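Participant: Listed here are the chains, written in short residue letters.
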Amino acid sequence: GQQVMQIPQYQHVQEGEDFTTYCNSSTTLSNIQWYKQRPGGHPVFLIQLVKSGEVKKQKRLTFQFGEAKKNSSLHITATQTTDVGTYFCAGGKGNTGKLIFGQGTTLQVKP
Amino acid sequence: EAGVTQFPSHSVIEKGQTVTLRCDPISGHDNLYWYRRVMGKEIKFLLHFVKESKQDESGMPNNRFLAERTGGTYSTLKVQPAELEDSGVYFCASSQESIVEKLFFGSGTQLSVL
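Top line first, the protein sequences correspond to chains C and S. The opening residue of the first sequence carries number 1 in our numbering; numbering runs sequentially from there. The opening residue of the second sequence carries number 1 in our numbering; numbering runs sequentially from there.
Keep in mind that the hints were calculated from the coordinates and are not lab data. The structure displayed is predicted, hence computed values, not measured ones. Wrong hints could be hidden among the right ones.
As the list claims (entries may be wrong) - What follows is a set of in silico ranges between Cβ atoms, one per label pair, in the way DEER data are often shown: (1) Ser112(S) - Thr27(C): 29 to 37 Å; (2) Pro111(C) - Val12(S): 17 to 25 Å; (3) Glu52(S) - Glu17(C): 28 to 36 Å; (4) Ala78(C) - Glu52(S): 42 to 50 Å.
Said to hold, decoys possible - Using 27 Å as the maximum straight-line C-alpha spacing, the simulated DSSO-like pairs for lysine-lysine come out as follows: (5) Lys78(S) - Lys110(C); (6) Lys59(C) - Lys102(S); (7) Lys78(S) - Lys51(C); (8) Lys15(S) - Lys51(C); (9) Lys51(S) - Lys70(C); (10) Lys41(S) - Lys93(C); (11) Lys56(C) - Lys70(C); (12) Lys54(S) - Lys56(C); (13) Lys102(S) - Lys51(C); (14) Lys102(S) - Lys110(C); (15) Lys93(C) - Lys51(S); (16) Lys15(S) - Lys36(C); (17) Lys93(C) - Lys15(S); (18) Lys51(S) - Lys56(C); (19) Lys51(C) - Lys44(S); (20) Lys93(C) - Lys56(C); (21) Lys51(S) - Lys57(C); (22) Lys102(S) - Lys36(C); (23) Lys51(C) - Lys110(C); (24) Lys44(S) - Lys93(C).
Claimed, not checked - If you only want the chain S side, here are some residues facing chain C, beta carbon under 10 Å, derived: (25) Tyr33; (26) Ile43; (27) Met60; (28) Ser87; (29) Val100.
The beta carbon of each residue, even a glycine, is placed where N, CA and C say it ideally should be.
This is chain S alone, in the form it adopts within the complex (with noise of 0.2 Å):
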């Protein structure tokens, strides 16, 4: 069984620019969050769906940032115009319906904004 994948591993992109991440959960997973940990600190929620609906959304920073799950399957998350203090890892986790016992995590992508 295929894992959460996550696309790009790495991205380098210039204060201003726009980047966009991708999410592949693991088949099945109706839940699909997206977490993000800075410089080192403690992996922080941004949002949660279930399904293609925004089941929370209280992480997001601010609106510089949009995610979005057309079809209830893979997720983007857009980040326009990048900050500097966007930097760091953004991971996405899913997990199957009803009770959460676990987090499936994909590897990450390492954002840098110079």
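In isolation and in its complexed conformation, chain C is listed as follows (with noise of 0.2 Å):
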């Protein structure tokens, strides 16, 4: 079936650090999304990207979408400790909230 895999599941950094995950689809998307979830929250739309090599910022947070609209990365610049969460993309493959999750990255920030 359909899969989204994201690495790593886990990453712990000092605060100041650069943090990435990145997500890889068995399959071409139409689009893809992240969300974030604190820890004992729900998930929180971020961003979502549509076209081949869109690339997106937000402050300190820059989202790619790959070429091939396979694969997909956040990139999270000097992290705080408000960026401690666990951060979820997922791919859609029409115009519907349907999406295929990843199964997540849990950072960690160490003041």
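Using the hints, put the two chains back together into the complex; each one sits in its own frame.
Facilitator: This is the structure in structure tokens:
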């Protein structure tokens, strides 16, 4: 079946260090979304990428969608303690909210 | 504006019992989704309602799961009879009509089947 693999599963960084999580789909996606789930919370939408090779930035966060629309990455520059949580990528195959989620990357930031 | 609300937040039941989860989407959101996260694994799609109609229920594990959305407002997800492997966090999400740009998730129901 369709799968989205996300690595790493866990990442511990020192505050101020950079962080990257990667997603790879077994099939071509129509779009990819990123969500953040704080400890004890629920997934909160961060961004959606639709175009091949698209790059979007939100302050210290940079999101990329691969040329083949099968992979994506989220890069955080100079992490802060507020960045702690689990980051999920989720691939879409059409224009609905039926998404294929990656396993998530849990980020811990040491002050 | 109220977000997506789910009830209960936690439920502990014994194997063989019945549990009903409820989701109230954001007012005006025609699209309602159920997702499940089992044991720290990926969040998996269960089904999708557009108003009161089931648009896609391809993710429902088996016929022990029954979802309804009478009147196109709130939705319920019933598990009967519950099995151990049904334990996990059940998330509801909603979105406005037309092209989906993002899902608004509820806080989830943590279901533990003992």
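Participant: Taken at face value, is the distance from the CA of Lys110(C) to the CA of Lys51(C) at most 27 Å?
Facilitator: With a Cα-Cα distance of about 35 Å, the restraint between Lys51(C) and Lys110(C) is violated, given a limit of 27 Å.
Participant: Checking one constraint from the list: CA of Lys15(S) to CA of Lys36(C), max 27 Å. Satisfied?
Facilitator: Roughly 32 Å between the alpha carbons, so the hint for Lys15(S) and Lys36(C) is violated.
Participant: Would you mind confirming whether the straight-line C-alpha gap from Lys59(C) to Lys102(S) stays at or under 27 Å?
Facilitator: 19 Å, holds
Participant: CA of Lys93(C) to CA of Lys15(S), is that 27 Å or under?
Facilitator: Given pair Lys93(C), Lys15(S) is violated - Cα atoms ~36 Å apart, limit 27 Å.
Participant: Take the C-alpha atoms of Lys78(S) and Lys110(C), compute the straight-line distance between them, and say whether it is at most 27 Å.
Facilitator: Roughly 41 Å separates the two Cα atoms, so the pair is violated.
Participant: Given the range 28 to 36 Å, decide if the beta-carbon distance of Glu52(S) to Glu17(C) lies inside it.
Facilitator: 49 Å, violated
Participant: Would the hint linking Lys56(C) and Lys70(C) be met if the CA-CA limit is 27 Å?
Facilitator: The hint holds at about 17 Å.
Participant: Straight-line Cα separation of Lys93(C) and Lys51(S) no greater than 27 Å?
Facilitator: Cα-Cα ~21 Å, so holds.
Participant: Can you confirm whether the C-alpha distance between Lys51(S) and Lys56(C) stays at or below 27 Å?
Facilitator: 33 Å, violated
Participant: Interface hint check: Tyr33(S), Cβ to nearest Cβ on chain C, cutoff 10 Å. Holds or violated?
Facilitator: 5 Å, holds
Participant: Would you settle whether the hint for Ile43(S) is holds or violated, based on the nearest Cβ-Cβ distance to chain C being less than 10 Å?
Facilitator: Status holds, d = 4 Å.
Participant: Under the criterion that the straight-line Cα-Cα distance not exceed 27 Å, is the pair Lys44(S), Lys93(C) satisfied?
Facilitator: Judged against 27 Å, a Cα distance of about 14 Å means the pair holds.
Of the numbered hints given earlier, the model fails hints 2, 3, 5, 7, 8, 9, 12, 14, 16, 17, 18, 21, 23, 27 and 28; all others are met.
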